[in-house]
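Colleague: Chains as they are written, first to last, in our numbering: chain P, 1 to 147; chain U, 1 to 83.
If you are wondering where the hints come from, they were derived from the structure by calculation, not from laboratory data. The reader is advised that the hints may include incorrect statements.
Some chain P residues close to chain U (C-beta under 7 Å, calculated; not the full set) [as the list claims (entries may be wrong)]:
#, residue
1, M39
2, D42
3, P117
4, L129
5, A133
6, F143
Straight-line Cα separation of at most 20 Å, PhoX-like style, residue types lysine-lysine; simulated pairs [as the list claims (entries may be wrong)]:
#, chain 1, residue 1, chain 2, residue 2
7, P, K102, P, K76
8, U, K74, P, K137
9, P, K122, P, K76
10, U, K76, U, K19
11, P, K102, P, K57
12, P, K76, P, K57
13, U, K83, P, K135
14, P, K135, U, K76
15, P, K137, U, K83
16, P, K122, P, K137
17, U, K19, P, K137
18, P, K60, P, K102
19, P, K102, P, K122
20, P, K122, U, K13
21, P, K76, P, K60
FRET-style restraints, in silico, Cβ to Cβ [stated by the list, open to error]:
#, chain 1, residue 1, chain 2, residue 2, range
22, U, Q30, P, D55, 44 to 52 Å
23, P, K137, U, S41, 25 to 33 Å
24, U, K83, P, S130, 31 to 39 Å
25, P, R97, U, G79, 37 to 45 Å
26, U, Q30, P, D54, 41 to 49 Å
Idealized CB from N, CA, C, for every residue including glycine.
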Amino acid sequence: MKTSFTYGLLLSVSLVLMQHCGSPPPGMPDVSYGSLRIMAMDTASIRSIYFDLDDVKYGKHPNPFVLDQVVAGTHKLLVYDERNSGSVTAVEVFRDRRTEIKVNLLAEGPYVGGVAPNFTVKSIDDQTLSLEAMKGKVVLLAFFEHT
Amino acid sequence: MAVNYSSSVTWLKNYRGEKGISYSFVFDPQTDLFRLYQVGSSYGNYPPTYIIIDTAGVVRYRADNQYNRFQEMKTKIEGLLRK
Chain P
1 MKTSFTYGLL
11 LSVSLVLMQH
21 CGSPPPGMPD
31 VSYGSLRIMA
41 MDTASIRSIY
51 FDLDDVKYGK
61 HPNPFVLDQV
71 VAGTHKLLVY
81 DERNSGSVTA
91 VEVFRDRRTE
101 IKVNLLAEGP
111 YVGGVAPNFT
121 VKSIDDQTLS
131 LEAMKGKVVL
141 LAFFEHT
Chain U
1 MAVNYSSSVT
11 WLKNYRGEKG
21 ISYSFVFDPQ
31 TDLFRLYQVG
41 SSYGNYPPTY
51 IIIDTAGVVR
61 YRADNQYNRF
71 QEMKTKIEGL
81 LRK
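Bound conformation, chain P alone (with noise of 0.2 Å):
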């Protein structure tokens, strides 16, 4: 009973030290931290966002969301809203330093909120027409017949 609350009071003086002193006591592991900026895309219509990390929950935040005093070291990082279902990413957290993640919530679709799905096609004028290449435009696709 006495030596494992002298093992007690050791580790915790330890982990103390290890906070304030920068190196850690012989034996003992080196940990450091970081953080992480966490930005689902989109943030006109993503305002907030529920991540996970090594499968830990932690709640709902407002998009971006800064997660300080991550251990550095590499880390599962699962990002979603109340509509998407999100995507698992490994993210680096290096120590003392901001690591930037951007997560693309929204799924593929052809209806409004989904990620318009990309074509390369020929005009008419053989001029080829890339959804990708029209990034940073607002593009009007009119479909229409003719019989």
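Got chain P sorted already, so can you dock chain U onto it with the hints?
Modeller: Okay, now just chain U, sitting in the frame of chain P:
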């Protein structure tokens, strides 16, 4: 850009010339774009279909089976251009 599957390149060129239209026309006889954007009776709608895509590539407006939406689309496009 305008997309059509049911006429011909010649007809589209003539039509564009007659109307003085400057934007691009695409002839899509295999209906690849129609299917990609789910336009047609198989999808429960009928052309004309108008789709407006913003600068980030996200669909912001869609009108199926609609005529005379010029003012509504103009307002939408102007709003997106201001962002």
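Colleague: It remains to establish, for every hint, whether it holds in the given structure.
Modeller: Hints, verified against the model:
1. M39: Cβ of M39/P sits 13 Å from chain U, so the hint is violated.
2. D42: This hint holds: D42/P lies near chain U, its Cβ roughly 6 Å from the closest one there, short of 7 Å.
3. P117: At 5 Å from the nearest chain U Cβ, P117/P passes the 7 Å test, so the hint holds.
4. L129: Holds, because the Cβ-Cβ distance from L129/P to chain U comes to roughly 6 Å (cut-off 7 Å).
5. A133: This interface hint is violated because 11 Å lies over the 7 Å limit.
6. F143: Status holds, d = 4 Å.
7. K102/P <-> K76/P: holds (14 Å)
8. K74/U <-> K137/P: Holds, at roughly 15 Å.
9. K122/P <-> K76/P: violated (42 Å)
10. K76/U <-> K19/U: Outside the cut-off at roughly 23 Å; violated.
11. K102/P <-> K57/P: holds (19 Å)
12. K76/P <-> K57/P: holds (12 Å)
13. K83/U <-> K135/P: Holds. K83/U to K135/P sits at ~14 Å (cutoff 20 Å).
14. K135/P <-> K76/U: The given pair, whose Cα atoms are some 17 Å apart, holds under the 20 Å limit.
15. K137/P <-> K83/U: holds (11 Å)
16. K122/P <-> K137/P: Holds, at roughly 19 Å.
17. K19/U <-> K137/P: violated (24 Å)
18. K60/P <-> K102/P: holds (17 Å)
19. K102/P <-> K122/P: The given pair, whose Cα atoms are some 32 Å apart, is violated under the 20 Å limit.
20. K122/P <-> K13/U: Distance of about 14 Å is within 20 Å: holds.
21. K76/P <-> K60/P: Holds, at roughly 17 Å.
22. Q30/U <-> D55/P: 44 to 52 Å: Holds, since Q30/U and D55/P (Cβ atoms, about 46 Å apart) stay within the stated range.
23. K137/P <-> S41/U: 25 to 33 Å: At 31 Å between Cβs, range holds.
24. K83/U <-> S130/P: 31 to 39 Å: The hint (31 to 39 Å, Cβ to Cβ) is violated, given that K83/U and S130/P are roughly 23 Å apart.
25. R97/P <-> G79/U: 37 to 45 Å: With a Cβ separation near 38 Å, R97/P and G79/U satisfy 37 to 45 Å, so the hint holds.
26. Q30/U <-> D54/P: 41 to 49 Å: holds (47 Å)
The structure does not agree with the numbered hints 1, 5, 9, 10, 17, 19, 24 stated previously, though it agrees with the rest.
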